[in-house]
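Participant: The chain contents come next:
2 protein chains.
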Amino acid sequence: MLNKDKTLAHFCAELASSSPSPGGGGAAALGGALAAALGEMVVSLTVGKKKYASRESELLALGERAAVLREDLLKMIDGDAEAFAPLARAYSLPKDAPDRTEILEEALRRAAASPVRIAELCCSVIELMEGCAASGSLLVLSDAATGAALAEGALEGAVINVKVNTALMRNRSFASALNDRMDAMRREYAARAQAVRRSLGY
Amino acid sequence: MLNKDKTLAHFCAELASSSPSPGGGGAAALGGALAAALGEMVVSLTVGKKKYASRESELLALGERAAVLREDLLKMIDGDAEAFAPLARAYSLPKDAPDRTEILEEALRRAAASPVRIAELCCSVIELMEGCAASGSLLVLSDAATGAALAEGALEGAVINVKVNTALMRNRSFASALNDRMDAMRREYAARAQAVRRSLGY
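Same order as they appear, the protein sequences are chains F and G.
Convert by adding 7 to the 1-based position in the first sequence; the result is the number in the numbering used here.
Convert by adding 7 to the 1-based position in the second sequence; the result is the number in the numbering used here.
Any given hint could turn out to be false.
Same chains, same label: a pair holds when it works inside one copy or across any pair of copies.
In silico BS3-like cross-links for lysine-lysine, where the CA-CA straight-line distance does not exceed 27 Å [as the list claims (entries may be wrong)]: (1) Lys13 - Lys82; (2) Lys57 - Lys102; (3) Lys82 - Lys56; (4) Lys58 - Lys102.
None of these hints come from the bench; they were simulated from the model.
Using the sequences plus the hints, can you model the full thing?
Facilitator: Below, the structure is given as structure tokens:
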């Protein structure tokens with residue numbers, strides 16, 4: 008069963024359990040999807056209002072981007088679980104298995120790539136919130152601010168889930184370059200998310 | 008249908024729609040529930056391990072608190088929708104309806120009380136993460152850090168949803184006292200969530 012077809016209660020119960028997935032990466036992906044959905048809500052409650060008619064085409068474009076981001080982030084809950092499976096298998100190899108080191112290293116790269124993608128999508132959600140804050144109806148701007156807050160938390164969560172993998176990589180130059188990239192991403196986009204909230208007075 | 012019985016895809020689609028609820032408060036509540044579930048996951052993956060046997064009773068207490076917080080936050084998705092309904096009704100009263108001002112003020116207080124409760128629960132989740140970071144297995148501490156990040160985002164989202172209501176209250180001393188309380192809560196607990204992440208090296 009796809010994670011997006013589970014009920015909220017079921018998904019949270021699985022997250023709480025000792026099963027390896029869903030885990031932190033999947034929770035971050037869902038947090039990002041909630042933020043994207045709030046962006047869509049801003050659009051849904053602004054489009055069609057006379058007062059905002061001049062922004063119609065811009066709003067429709069924002070709404071389309073938001074819907075794609077919501078879907079992509081919901082899919083990444085499963086993507087994260089799939090990316091983690093080879094790592095779990097690699098860890099269960101006997102310590103003296105041939106190629107264990109290489110298999111583990113490759114599994115760590117694959118497991119890291121999924122939260123990298125989730126982090127990138129969360130950055131796109133923060134860009135979306137900048138558009139929603141600029142073009143949304145005054146009545147629903149708190150939802151754009153809330154979306155920015157949730158996307159920032161999800162981005163932070165995704166970055167943590169990259170770093171838990173890079174910490175274990177043997178190729179330190181690859182690991183360190185990826186860590187630097189994530190730190191730069193987090194710095195820039197956390198500041199942009201906070202700027203969205205501040206610009207709306209929150 | 009209770010929100011917790013909706014699928015992730017269905018809930019996100021409703022959030023994205025122009026229907027008044029679920030909205031930002033409900034999304035923040037779900038974000039907090041995901042964080043609480045990550046705390047439980049830390050406990051689930053630590054309890055029963057020989058290495059952590061001396062922390063068993065502390066871990067079980069953390070796990071029980073996490074399960075209660077998860078349930079309470081999932082319930083608050085519906086609580087937030089119920090608290091918003093009287094406000095929507097108050098706004099639809101004719102401008103010259105008798106007692107409109109008093110009815111609206113009372114509805115705003117009620118609508119604000121729900122995200123206040125969500126914010127308080129998110130603070131409790133951050134306290135839970137402090138416990139998880141201190142007592143959880145080394146192998147799952149990234150989930151405690153992720154939980155702290157998601158709870159911080161959810162707390163921020165809840166505070167925004169209090170302030171969207173206090174901004175419209177006529178009783179400015181009540182509104183301003185509540186804003187101050189929320190700012191103090193956010194300041195203290197955002198710092199504590201960040202300290203959890205830093206203490207774990209993220």
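Participant: Decide, hint by hint, whether the structure agrees.
Facilitator: Against the structure, the hints:
1. Lys13 - Lys82: Answer is both; intra-copy 13 Å and inter-copy 17 Å each pass.
2. Lys57 - Lys102: between (68 Å within a copy, 21 Å between copies)
3. Lys82 - Lys56: neither (32 Å within a copy, 33 Å between copies)
4. Lys58 - Lys102: The answer is between: 20 Å across copies meets 27 Å, while 67 Å in one copy does not.
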